[in-house]
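Student: Quick mapping for you: the protein sequence lines, in order, are chains A and B. Counting from 1, position 92 in the first sequence corresponds to residue 92 in the numbering used here; the numbering is continuous, with no gaps. Counting from 1, position 254 in the second sequence corresponds to residue 254 in the numbering used here; the numbering is continuous, with no gaps.
Just so you know, these hints were derived from the structure itself, not from any lab.
The calculated label-pair distances, taken between Cβ atoms and stated as ranges, are:
id	chain 1	residue 1	chain 2	residue 2	range
1	A	R178	B	A56	16 to 26 Å
2	A	R102	B	Q150	31 to 41 Å
3	B	V15	A	A259	44 to 54 Å
4	B	V15	A	L131	47 to 57 Å
5	A	T6	B	K14	55 to 65 Å
6	B	A56	A	R102	17 to 27 Å
7	A	S177	B	D164	30 to 40 Å
8	A	P5	B	Q150	58 to 68 Å
9	A	L187	B	D296	53 to 63 Å
10	A	L106	B	L114	44 to 54 Å
11	A	S177	B	G135	24 to 34 Å
12	B	Q150	A	S177	16 to 26 Å
13	B	L69	A	Q126	48 to 58 Å
14	A	R178	B	G273	56 to 66 Å
The beta carbon of each residue, even a glycine, is placed where N, CA and C say it ideally should be.
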Amino acid sequence: MDLRPTRGVRLAAAAALLALTAPILLLYAWLPVAAFARRTVGLRPEGFTLQHWQRLADPVGGATLLESLARSLVLSCLYCLLLLAAVLPAAYALSRLPLPGRRGLLALLLVLHAFPALSLLVGVYQVLRWLGLYDSLLGVALVKTAAEVPLGVWALKGFFDRIPWELEAAALVDGGSRWLAFRKVCLPLARPGLFAVAAFAFVSGWNEFLLPYLFLPSASQWTLPVYVRSLIADFRFVDYGVVAAASIVYAAPPLALFALGQRYLLQVYSLGGRVQAQ
Amino acid sequence: MRLELRELSKSYGKVTALDRVTLTVEVGELVCLLGPSGSGKTTALLIVAGLEEPTAGEVLLDGVRVNGLPPRHRSVGLVFQNYALYPNMSVGENIAFPLRLKGVGRGDRERRVLEVARMLGIDHLLDRQPWQLSGGQQQRVALARALVKQPRLLLLDEPLSNLDPLLRRSAREEVRLLQRRLGLTTVWVTHDQDEAMTVADRLAVLRDGRLLQYGPPLEVYRRPVDPFVAELLGEVNLLPGCVLPAAGGWLLRLEGCRETLARWEGPPPAGPGPCLVGVRPEDVRVAPGGEAELVDVRPSRGAQMATYRLGQQLLKALVVGREVPPRASLSFDPEGVMTFPPGNATRPVERC
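The shape of chain A in the complex, shown without the other chains:
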């Protein structure tokens, strides 16, 4: 029996999916149109102009687009590195070492993840003031890391769990120390997991609005989401062309990351399968 859907079914499915995604697609389609049009009527542009982009060069409330962009990159990368540094040893230990209370710790991590980090904002503010990290990128990156560690540990632990124990044991018998077995065997095989966690961390740091908004009050510290928001909030009448142009700049890096990483991600998942098959 042929189990593949018939042509009619496939067409209907495609149509339904298209209808569902149309609102989002239209919104994204509007961005480049609005960014280069003198005026838009609905989706239809009238006249071509670069004036929105020129306006972006001027500082808005004390910050420029490029400065905010640079700061957002720094924040995302910093957060990404901090998260990996915290998550990698924790995930390995929870996956491999016979720690006492391991199960309890894993359960606790899940509870922590369910706990709304926002409810701690006042406390976090106090701690940052006390540490002298209020109004600094490092402070925001640390807070963000702390909030995301539980999920990251769980995600990466799953990747370590899939690496057969015998591979590490083989490395030990072949003449390696525990550290070497981790570096030469475990780490290369967990690379897809590291990449996935890093990619999601980067995007999550890039999109983070609330923490920078609250803990980076000076305009000289604005990240890109805060900057874009200021475009909407500070103008008496909002210039949507400028907002659209800024939004394109804002959306580009994560899209580029995934476009570049997609091939790697795919290759990586088939490798994961092979590890299993060993």
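Given chain A, work out where chain B should sit, using these hints.
Tutor: Frame of chain A; chain B shown alone:
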């Protein structure tokens, strides 16, 4: 390298995996650890490799206590059941890995990898990835990786159990010959009694973490210490019987039957009195005409395995000739009769 286990025990919480196992493997000897799953044979192997620590007891390599010594300082090679080839390295890199860790120079490394690959007939596969290989090839690569650093003790954990039966038999011979040629002390874990019988210099039978018997395969086969070992090593008739004094010697009868099945001029293997009789089908002699009634025949290794009913008992006999008599008189080769204390059966014995 001489391996010695002294009173080796291992428990995981309340579960005892190994219970005071003591045995010695001499230099150049191949010893099979045989037992059903959960008998502790793999645990013993991992302890020798240094991947597990014993709860009590000692492991000695050439007379030196190695408890707590990490695997890399033990000069052992290990082949895992699933081969555990590094999927992120090519075949050549896999085999070269132990040498790289030892700091062997590049030229020397390549020469030794090629040498061991040639020996195992996989030198044309060095550039492949592990997942591109067949099971038999993967097994050879795993063996090459274990041998390349010239270990003084080779440990094999069910090395052939993932191969198909035909390949398993030829690989068995091959590994055995290789081991002979290298004179390499080897511990081979298996649950396959056929494999153990054909390759081992000595056999160690384990059950529930305890060493039941240790000796040359034929001795364990002919003189098992209990009915469990007798059954583990091959087909055996286990029947309640009795050793009785008779004129000029002793004779054996089965419970509820009047026929005499074996006779000894000298002292009997057990008794006198009731016992559990064990006899292998090849030690049952079949003569045409008699009390026993043929129930079933099936081919078995070039001969025929006949099942006879004698009184209420079923008995298996290996008949080499073409003709299997429908009615027969059975007797046992007195040399092949094993006797165990009565009631010491591992499976319910049909009663007379």
